[in-house]
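Colleague: Using the hints, build the complex out of the two chains.
Taken in order, these protein sequences are the chains called R and V.
Residue 1 is where the first sequence starts when you use our numbering, and the numbers rise one by one after that.
Residue 1001 is where the second sequence starts when you use our numbering, and the numbers rise one by one after that.
What the hints contain is simulated information worked out from the structure, not anything from laboratory work.
Treat the hints with caution; some may be incorrect.
Listed below are the simulated DSSO-like cross-link pairs for lysine-lysine, each with C-alpha atoms no more than 30 angstroms apart in a straight line [unchecked claim]:
| hint | chain 1 | residue 1 | chain 2 | residue 2 |
| --- | --- | --- | --- | --- |
| 1 | V | K1112 | R | K161 |
| 2 | R | K108 | V | K1666 |
| 3 | V | K1108 | V | K1122 |
| 4 | R | K161 | V | K1122 |
| 5 | R | K161 | V | K1125 |
| 6 | V | K1125 | V | K1189 |
| 7 | R | K27 | R | K108 |
| 8 | V | K1189 | V | K1112 |
| 9 | R | K161 | V | K1194 |
| 10 | V | K1669 | R | K161 |
| 11 | V | K1666 | R | K161 |
| 12 | V | K1112 | V | K1194 |
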Amino acid sequence: MKRVISLLAALASLTWADGGKVQFQRKAGAFNITLFSSPATVRAGRTDFSVMVQKTSDQSAVLDADVRLRFVQRNETAISSVSAPARHDQATNKLLYAAHVDLNATGKWRVEITVQTPRDSALVTGDLDVESPEPKILQYWPYFMILPVAAFLFLVNQRLKRRRRAANRR
Amino acid sequence: MESAAEAAFESWAIDLRVVFLLLLSAAVYLRGWLRGRTLLRDDRDSLRLTSFLASLVVLFLATESPLDAFDSLFLSAHMTQHLLLMMVAPPLLLLSEPLLPVLRGLPKSFVKEGLGPFLSWKPLKQFFGWLVSPIPAWLIFALSTVLWHIPQLYELALSSPAWHGVQHACFFWSGVLFWWPVIQPAPGKRRWPKWVAIPYLLAADILNTLLSVVFVFSSHLLYASYGTVRASPFSALEDQSLAGLIMWVPGSAVYLLPAFVLVMGLFTSPGMRVAHVPRRVRAKAKPARSVWWKRAPMLRRVAQVAMLLTSIAVVADGFRGQQVAALNLAGVLPWIHWRALSMLALLTVGNLFCLACPFMFVRDAARRLIFPTLRWPHALRNKWLGGGLIVAYLWVYEAFSVWDSPWLTAWLIAGYFIVAVAIDSLFRGASFCKYVCPIGQYHFVVSLISPREIAVRDKATCYRCQTYDCIRGNETARGCELFLFQPKKASNMDCTFCLDCVKACPHDNVGLLAVAPGATLISDVYRSSIGRFSKRIDLVALTLLIVFGAFVNAAGMVGPVMMWEHGWHARLGSHAMPFVVGCFIVAGAVLLPLITYWLCRLINGSAEQANRLAFSLVPVGAGMWAAHLLFHAASMWTTASVTWLQILFLEAGLLLSLYTAWRIGKQAKLFVPWASVACLLFAAGAWIFFQPMQMRGMMMH
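This is chain V alone, in the form it adopts within the complex (with noise of 0.2 angstroms):
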C-alpha cells in the first residue's frame, strides 16, 4: 500500500447481498423498459433507464464505496453516504417512473396472483395516496431526519451494523416518500398544483439548514465515537464541522434548485411555456423468431465436445496427477464446480447438464457403428433401478470418500461413459437416460422446479399436425428418444433438453418456454411416456429419495454426524465404516421417507393423493441440495461465512413447498402432513447449517 490516499480509494464494502439486489432490480427494470417498448415508445423512455440505473449506481456508490468503509471514522463521510441516500437517489428513482416497468419485469403469474389483490386492494391504495400527500410525507422525511440525528440514536447505529442498516432504510425510504409529491411520477395524474412543491421544498430546506448549523457551529462532539479515534490531521470537531457544511450546503441546493425551477416556470407567462408533449409511437410488430432455436441442436454439440474434454482432463488427472484431491481436477471439478454449476442451471433455466452430457456424445458417436435392435425389458421401464443406483451412489461417495479420491472419480466417471455406451449400444432410444442414469433422474427430479421447459408454443398448431416429427422425427432430425409427445408433455420429468423435437418440428413450435416454478407439480394431468403422477410410485418413491437425500448427504458432513459414525466405527471394528455409513444412508434416505409417506398416507386417507402430495416436498428438496452444493462452491471463493444464503435458499423451497401442497390438497388433512413434513425438514437443513461442515476437497478438514 503506497499511500493513505491510495488505501482509502481502494476500501470497497462489498456486499454481495446487495450488489445482488441492485442487479436484480435493475435487470427487472430492464426487463420491463424493453417489454414496454415492444408496445409503446415515448421519447424519454431512455432518459427513464438511465435515471433508473443512476438511482442504483448512487445506491452502490452510498453503501459499498470507501464512504461506508470510513464511515464510522469520519462524520463527514456518514454525512456524505446520508446525503446520496436521501436526497440523489430517491428523485433519481422515482424520475425513472419506476412502477409499470417493474411490474412488466416480473413474472406474470406472479404480478396477476401475487401482487394483483395487493394493488387493487382500495384501503392499501387509499394509505399509501394518503402517505405520498404532501403534508404525512413532509413530517415522516423531517422525523426520519432528526430522530437519527439525535446522539443516542445515531451512536446506536454506529454500534450496530443491524442498526445502521434500519437508519440507512429510514433515510432511503422517508426520502422515496418526501420527493414523491415533488416529482409525483406516472402512472395516475397529478395530484397536487405544481406550485405546492415550492413551500414543501423551502420547508424542508429550513429543516436541513437547521441541523446543519448544530453542526457547523457546535463547540463540543455531538457523537463521541468519532472522538475516540482520530485517523486524519483533523480533528473531530473539524470533520464534524465538515460534515455539517456538507448537509448545509450541497444539501440545501438540492431543494432550492428545483424549488427555483419551479418558480421559474410560474413566473414564465403561459405564452412563453413550451408544454412537452411526449412523443409516444406504437412498436413495430415482434420480428419472427426462430433462427436462434434452429441453431441450437449445434449449440449443444458444442457444449458436450466441451464438457467431454473437461472429462477427458478430469479422468487423465485423476489416474496419473496427485492423489490429493484439492490439487487434482478429479478432486475439485466434479465434486465441487460441477455440482454447483449444474445446481445454478437447474434454478436459473432447466435441465443444462443433460442438454451438455459427454456421455451422449460418445453413445452418438458409437451409434454410428453400432445400431441398437433391442427393446429395454419391460420390467425395468420405472424408475426403481435409477433410484436404486442413486443411494448406490449415495453410500459409494460416503463410504470410500470419492470426493476425497481422484483415482475413485476417474474409474467413476470411466466407468459411466462405458456403462452408457454399453446400454444404448444394445437398447433403442435412450434406455440409459431414462431408466439407468442416477445424474440424469436427480435431473429430471429437480428440474421439476426449473423456471423453463421444453413445451410447445401454440397447442392448436400440434393438433393441426400430421407428421408428428417431434416424436417421429425426420431426415433433419431424429424424434424425442425418451418418447415424449410434446402436446402431451407437461412437465421436465424425463426431458434432456436435447433439443431433437426443437429441431424437428417442421412449424417451429417447440422451444424453451417460461413456467412458473413447481407450477407442473400442482396439477395432475396425463404426462406423455409417464402418464400421471400420482399413478407412479415408482416416480413417488424416486423423488422422495432425492428429498431425504439431500439432507441425508448434508448430514453426512457435518461434526456430530461424523462423530456418531466413527463411535460405531470404533465399536464394531475396523472394516466396520462402509457399513455403519450404509445403515446411517438406508435409515435417512430410504427407512425414513418410507415412514413418512407411509404415515402421510394414512392420514390422507389416499394412495393417490399422498402421491400427488409427495411431490410437494420437490422445492425443499432441491433447496437442500442447492444450499449444501453450493456451499461448497462459494468456500472455494471466499472466506465470509453464506449460511444466510444457505438459509434463504431452503427458506425459498420450503415456502415453494408449502404452496404446492396447498394448491394440491386444501382439506387439513391433506395438507397438513404434508406441511409438517416439509417444516421438519427445513429444520434438520438449518441445524445442518450450524453445524461446523466439512470442506472437502479444499485442503482444511
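The following block holds chain R by itself, in its conformation from the complex (with noise of 0.2 angstroms):
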C-alpha cells in the first residue's frame, strides 16, 4: 500500500517544466544563469520558467541554491509584478529549478532571477517579450481533429460494410 501511495504522489507531483527555449543567459559574480522558457514565445497566461545556475569556474551545476523570479511591468499608469520561487521539484530536470508562474499582461516585462547559496549571491535581469494569449481552441487542436478523423473512419467503415453486403447479394 505504501508503495501505491508513494507512486500516486510520485504521479501527483508531474510537472510541465522541461528546460524549453533559452530566454537569456548572464554572467554574476560566481554564476552563469540561463532562464529557459517553455513554450518557447511567451503568452500572457501560464508559462513555465526553468533556471539554471552553473558555477563559472567549471560549468559545474550549483543545486543547493534558493533561486527567486520576479517579473515587473511598468506601464504609463501602472505597475504590475509577479514573483514565485523556482525549485527542483517543479522542474522535470532536476539540474533546473522551476516556477510556473501566471503573466497577466501582454508587452515587456522586465525579470529579476536572484540565486542565493550560503556562500554567494548574485541578481540577474533580463527582458521579456509577452505575446497576447493564444486562442484555447489553438493549443487543443490536435485533440479536436480527432473528432473529423473518426467521422471520417466511420464513414469509410459503413462504406465498405455496405459494399461486402452488396457483394454478398450477388
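Modeller: Right under this line is the structure:
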C-alpha cells in the first residue's frame, strides 16, 4: 500500500517544466544563470520558467541555491509585479529550478532572478516579450482533430460494409 | 539535491498520456495473449510476451526517462533516445508477433464491426503489403533518418514539443516498417527469402555509418541549440562527436549482428540446421466458473461496511470538525473523491456505488426489526419524484454552497440515511432505490453506457428454469427487490448491482457480463419492470435532466456564469442569490431540455422516435460529468492542466452519442436534430473547459 501511495504521490507531483527555449543567459559573480521558458513563445497566461545556475569556474550545476523569479511590468498608469520561488521539485530536469508563473498582460516584462547560496549571491535581470494568448481552441487543436478523423473513418467503415453486403447479395 | 548525477537520475519526464497508452497496450496484448493460450499453447508464447513488454519498457525509457529531460541539452542523450526508438523498440515489438494478440485483446464487437471492414479491404491490404516490402520500407526508413537530421528540421523539433513528438513518431514507425521484412512476423507466410535481409541490413548500416561520420568528424556544430548552454565539462562539439560515436558503434551493431546471424545460417549445411518446430498443444478445457460469483454478495457486504464507516467519519467530522471545506472530510471526500471515483467506476465497470451503498446496509439492518407491509403508491411508480429531487439537489448544492459547508454536508448525509430507512421500513421492495434516491437515478442513467451489466449467460437455461429464484428468491437469497426479471432485463436501468439474483440463481447463470458501451440504448425491447424506453416519458425527462444537468452543474462554477449570477444578485438584493441560482438551474436543466425535446419531436414527427433518440444523449452527458468530476479530483493531485483529458472524455461521449443516434434513427429527419443537440452540448462543454473554474474544496477559489 505504501508503494501505491508513493507512486501516486510521484504522479501527483508531475510537472511540465522541461527546460524549453533559452530566453537569456547572464554572468553574475560566481554564477552563470540561464532562463528557459516553455512554451518557447511566452504568452500572457501560465508559463513554465526554468533557471539553470552554473558555477562560472567549471560550468558545474549549482544545486543548493535558493532561486526566486520576479517579473515586473511598468506602464504609464501602473506597475504589475509577479514573483515566485523556483524549485527543483517543479522541474522535470532536476538540474534546473522551475516555477509556474501567470503573467497577466502582454508587452515587455523585466525579469529579475535572484540566486542565493550559503557562500554567494547574485541578481541578474533581462527583458521578456510577452505576446497575447493563443485562442484555447488552437492550443488543443490536435485533440479536436480526433472528431473529423473519427467521422471520416466511420464513413469509410460504413461504405465498406455496404459494399461487402452488396457483393454478398450478388 | 546532493550531486548532479543524482539530480540527473531523478529527472524523469513522466507524461500521463504516454504512460496510459503504454499500460493500455500492455493490457490489451496481455488479454489477447491469455485468450490465445486458452485455445492453443506454443512454447514460444512466454518469449513473445516478454518481447512485447520489453518493447514497451524501451519506449518508456526513451520517452520518459532522464534521456528525454536532457535531450535539449545534450545531443548524445537525444541520439541515444533515437536509437532506442528506431533500432530497439521496433524489432522487439515485431518479435512479439503482436497482431493476433492485440486483435484478440480488443472487444470482439469492435474488432468485427469497427476494424473488420478495414482488415478485409483488399486495397488496404495490398498497400500495407507494399509498404512492408524491402525497397519501400528501406527507403522510408532512410528518408526519415536523413531528413530529420537536417539542421533546420532538427532545430524545429527542438523548439516545438509537437514537432518533437512527430519526429519521434516518424522514427518509431519507420523503424517498425524497416524491421518488418527482416523479422516477417506472424501471421502470414514469409514473403521474401531470408538472404534478402543481409544486403538490406548492410545498406542500412552504410547509411548509418555515413551519417555517424558527419557527426564524429564535423569541425563545426551542426545544431546551434546545443551551443547555447554548456551544461557539462564537455564542449558542445565533443558532445556532438559522442553522439556520432553512439550512432556509429551500437547503431552498427544492431544492423550487423542480425546480418551476421543470417549469414551464418546460410553457410551452415542443411544437415546441420536444426529447424525449430514450435510445439503447439491444445489448451485444456476452461475450469468451471462460479466460485467467485457465489462469494460476490459477501464482498458487497464488506464494501458496504467500508462505505458506512467512511460515512460515519464524514458525518462526525462534518458536525464536529473544522468548518473549512478543504480541511474537513465532509468537504473533500463526498464532493471531490467519492463523486469522481463513482464516475470512474461507472465508466470502467458499472453501478458500483449502489453495490456498496451504505444506506442499504443500514436499511437491511433495520428490516430485521421492522417488516414493511405497504406497497409504494401507484401514482409514484415512476421517475418524476427522483427527477424532482435531482433538480432540488442541483439548486441546493449551488444556492447554499453545500460543497463549502461541512455542516450542511453532514446533515445531508445523515438525512439521506434517515429517509432511506424510513421509506424502506414502510414500503416493500427497494422503493427508495427505484423511485426516490436521486443518486441512484443518476447512476441508473449513466450506467446505461457502462461496459458491464448484470445479465444472464445463457437465455436457454432461463427458459428451462421452473423456479424463477432470481426474482422470487429462495432460502439462500432474496429475489430482485427492484422487480427485474433477469431473462427480460436488458440494461443497467434500475439495477443496483446488489447481486441478489447472482446468489439466488440455482443454475449459476447470472453474472457481471461485458456489454458494448451504449449498446443497450439502441434497442427498444421490452425491459422487465421498466417497459419500453420509448413509452416512458418520465425516463426520457430524467435522462435529459441528467444530461443537461451535467453542463449546468459545471457551468455554475466558471467565471462568466458566476459573474452573471453575482450581477443579478447585486441588482435584486442581498437575499436574491438562491432565487438567481434557481432561475439558472431551472432554465438550464429543465426548460432548455424541454424546449430541445419539443423541437426535436416536432422535426422527428413521432413522439416514440423522439423518446428513443433522447437516450442517445446519455454518452455526451456522461462524458461531461466525467470530465467535470475527474477534473476536480485530478486538481487535488497535480498542478498540470488536464483540459486535454476533459476534451477527450467529452469527445468520447459525443462520438458515442452520434453513433447511438445514427443507429437508432438512420433517416436525416430523425438523426440530424439529435446529432445537432449533441454537437451543441459538446461546444458548450468545450467552452466551459476553457473558462477559469472555481477550485472547490481546495483552499483556492
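Colleague: Given the hinted pair K1112/V and K161/R, is their Cα-Cα distance within 30 angstroms?
Modeller: holds (11 angstroms)
Colleague: Would the pair K161/R and K1122/V pass a check requiring their Cα atoms to be no farther apart than 30 angstroms?
Modeller: holds (13 angstroms)
Colleague: Holds or violated: K1189/V with K1112/V, Cα cutoff 30 angstroms?
Modeller: holds (23 angstroms)
Colleague: Taken at face value, is the distance from the CA of K1194/V to the CA of K161/R at most 30 angstroms?
Modeller: violated (38 angstroms)
Colleague: Is the hinted pair K1669/V and K161/R satisfied, with a Cα-Cα distance of at most 30 angstroms?
Modeller: Distance ~23 angstroms between K1669/V and K161/R Cα, so the pair holds.
Colleague: Verify the proposed pairing of K1112/V with K1194/V, using a straight-line Cα cut of 30 angstroms.
Modeller: The given pair, whose Cα atoms are some 34 angstroms apart, is violated under the 30 angstroms limit.
Colleague: With a cut-off of 30 angstroms on the C-alpha distance, tell me whether K108/R and K1666/V pass.
Modeller: Since the Cα atoms of K108/R and K1666/V sit roughly 57 angstroms apart, the hinted pair is violated (cutoff 30 angstroms).
Colleague: Are the Cα positions of K1108/V and K1122/V separated by 30 angstroms at most?
Modeller: Distance ~22 angstroms between K1108/V and K1122/V Cα, so the pair holds.
Colleague: Are the Cα positions of K1666/V and K161/R separated by 30 angstroms at most?
Modeller: holds (15 angstroms)
Colleague: Going straight from one Cα to the other, do K161/R and K1125/V come out at no more than 30 angstroms?
Modeller: holds (16 angstroms)
Colleague: For a C-alpha distance cap of 30 angstroms, please report whether K27/R and K108/R respect it.
Modeller: holds (22 angstroms)
Colleague: For a C-alpha distance cap of 30 angstroms, please report whether K1125/V and K1189/V respect it.
Modeller: holds (14 angstroms)
Figure legend: structure checked against the earlier numbered hints; hints not met, in rising order: 2, 9 and 12.
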